[in-house]
Amino acid sequence: MIPNKEWMSIRNRREPGFVDGVNNFIDYAFSHSANKEAIRCPCTKCRNAVYKGRSEVQYHLLKNGILENYSTWNFHGEGAGNTQDSTSTQELNEDHMLEDTLDDMDGLLNDIYGRRGEEEDFGMDTEEVAEEPNQDAAAFYRLLQEAKEKLYPNCEYTKLS
1 MIPNKEWMSI RNRREPGFVD GVNNFIDYAF SHSANKEAIR CPCTKCRNAV YKGRSEVQYH
61 LLKNGILENY STWNFHGEGA GNTQDSTSTQ ELNEDHMLED TLDDMDGLLN DIYGRRGEEE
121 DFGMDTEEVA EEPNQDAAAF YRLLQEAKEK LYPNCEYTKL S
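FYI, UniProt numbering numbers position 80 of the sequence shown as 80, with every residue one higher than the one before it.
Worth flagging that the hints you see were computed from the coordinates, not collected in a lab. Owing to the predicted nature of the structure, the values given are computational and were not obtained by experimental measurement. Heads up, the beta-carbon is just placed ideally off N, CA and C, and yes, glycines get one too. Keep in mind that the hints are not guaranteed to be accurate.
Just the calculated beta-carbon pair ranges, DEER-fashion [claimed, not checked]:
1. R47 <-> G17: 22 to 28 angstroms
2. E156 <-> T44: 25 to 31 angstroms
3. V19 <-> R142: 46 to 52 angstroms
4. E149 <-> R47: 23 to 29 angstroms
5. A138 <-> N23: 51 to 57 angstroms
The whole structure should be built from the sequences, with the hints applied where relevant.
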């Protein structure tokens, strides 16, 4: 059974309701994790990107608070009807993590180089002219391709992961 989540909206992290909520969350998360040593830390600093042990997650949540928008604990056993065992939940979470990593890489590359084709429409009719991309654009497209290219068939990692 999923613990009550009202504690997540408590602003005073020293309040007993918040502390109890953190402890219940940690118990729930570890009971639904295939890895019994560490889980993703959902504090505002780690943002579910870093695995930590029980006491470290507790410390981080009490110090930094939990992510405000983490209302469905996808990385901690909640979701998909809760009918899966912890192993398949872990596999789903790892699949989502890989997809998120690829999305993050696309976003990072787009932040660095900008996204071609998203120029504002200034009301001018312009013809598209087929031209070769400049060196920066060519490098950008190559990186985008490598971010999606698997290291070898059936591998979950890409050249840039």
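The hints, checked one at a time:
{"no.": "1", "hint": "R47 <-> G17: 22 to 28 angstroms", "in the structure": "holds (23 angstroms)"}
{"no.": "2", "hint": "E156 <-> T44: 25 to 31 angstroms", "in the structure": "holds (28 angstroms)"}
{"no.": "3", "hint": "V19 <-> R142: 46 to 52 angstroms", "in the structure": "holds (50 angstroms)"}
{"no.": "4", "hint": "E149 <-> R47: 23 to 29 angstroms", "in the structure": "holds (27 angstroms)"}
{"no.": "5", "hint": "A138 <-> N23: 51 to 57 angstroms", "in the structure": "holds (53 angstroms)"}
When held up to the earlier numbered hints, the structure conflicts with none and fits them all.
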